[in-house]
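Construct the entire structure; sequences and hints are all you get.
In case it helps, the UniProt record's numbering puts the sequence shown at residues 1 to 162.
Simulated from the structure, these hints should not be mistaken for laboratory data.
One or more hints might be untrue.
Claimed, not checked - Result set (DSS-like, lysine-lysine): computed pairs, CA atoms no more than 25 Å apart in a straight line:
1) Lys38 x Lys129
2) Lys129 x Lys139
3) Lys38 x Lys120
4) Lys120 x Lys41
5) Lys56 x Lys139
6) Lys129 x Lys41
7) Lys41 x Lys56
8) Lys139 x Lys38
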Amino acid sequence: MVEGDVLGTALHALHVILVGVWLGGLLFTTVVVSPALKEMKWPEAERVRVRSIIGKHYARVGSANLVLLLVFAVLDGLMQGLGLIFYAEYALMVVLFGLASAHGAYLGRRLTLLAESERKAPSTEEAAKIAEERRSLGKLSLRVSQTNLVVSAAVAILAASA
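Okay, here's the thing in structure tokens:
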């Protein structure tokens with residue numbers, strides 16, 4: 001095996017592993033953590049707070065992984081030649097960055113603030129109004145998470161097939 005082949009194979013392997021780590025983390029939080037939190041008999045504000053704490057910790061690992069994934073995807077593309085598959089993957093990765101940023105920077109924080117406001121609401125009517133807004137935003141958050149999962153699976157397929 002030629003030295004360039006070894007480097008190219010190693011870069012491609014790291015690229016695929018990083019996609020797997022990203023996708024695995026999303027699957028775990030979507031399929032395991034979220035349903036488990038729904039089963040907890042906690043007040044909604046507490047459940048949202050716990051989810052927010054989990055999200056903050058996941059964001060550290062997930063963000064670093066996503067940046068490394070982009071770096072290794074570019075290096076892999078340069079080693080193998082930038083073809084249609086890599087351009088499609090890069091485009092989807094831009095979408096991933098957008099989805100992850102929107103989810104972490106806006107949706108998660110807003111849901112946490114709404115849950116806290118709901119808990120501290122001066123009246124039951126005010127709490128009900130805030131709860132409705134929180135539920136609506138929670139549905140959007142779920143759709144963003146599901147879209148992120150589908151886009152991530154597409155990135156994994158493209159990375160593995162390159």
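Hint-by-hint comparison with the structure:
Only pairs whose Cα atoms come within 25 Å are accepted, and lysine 38 paired with lysine 129 is accepted, the gap being roughly 21 Å. Taking the CA atoms of lysine 129 and lysine 139, the gap is about 16 Å. The hint holds against a cut of 25 Å. Simply put, lysine 38 and lysine 120 have alpha-carbon atoms about 21 Å apart, close enough for the 25 Å limit, and the pair holds. With a C-alpha separation of about 19 Å, the suggested pairing of lysine 120 with lysine 41 holds against the 25 Å cut-off.
Only pairs whose Cα atoms come within 25 Å are accepted, and lysine 56 paired with lysine 139 is accepted, the gap being roughly 20 Å. In summary, the hint linking lysine 129 to lysine 41 is supported, as the alpha carbons are separated by about 22 Å, within the 25 Å threshold. The straight-line distance between the Cα atoms of lysine 41 and lysine 56 is roughly 22 Å, inside the 25 Å bound, and the hint therefore holds. Distance check on the hinted pair: lysine 139 and lysine 38 sit about 14 Å apart at the alpha-carbon level, within 25 Å; holds.
Hint compliance for this structure: no hint is broken.
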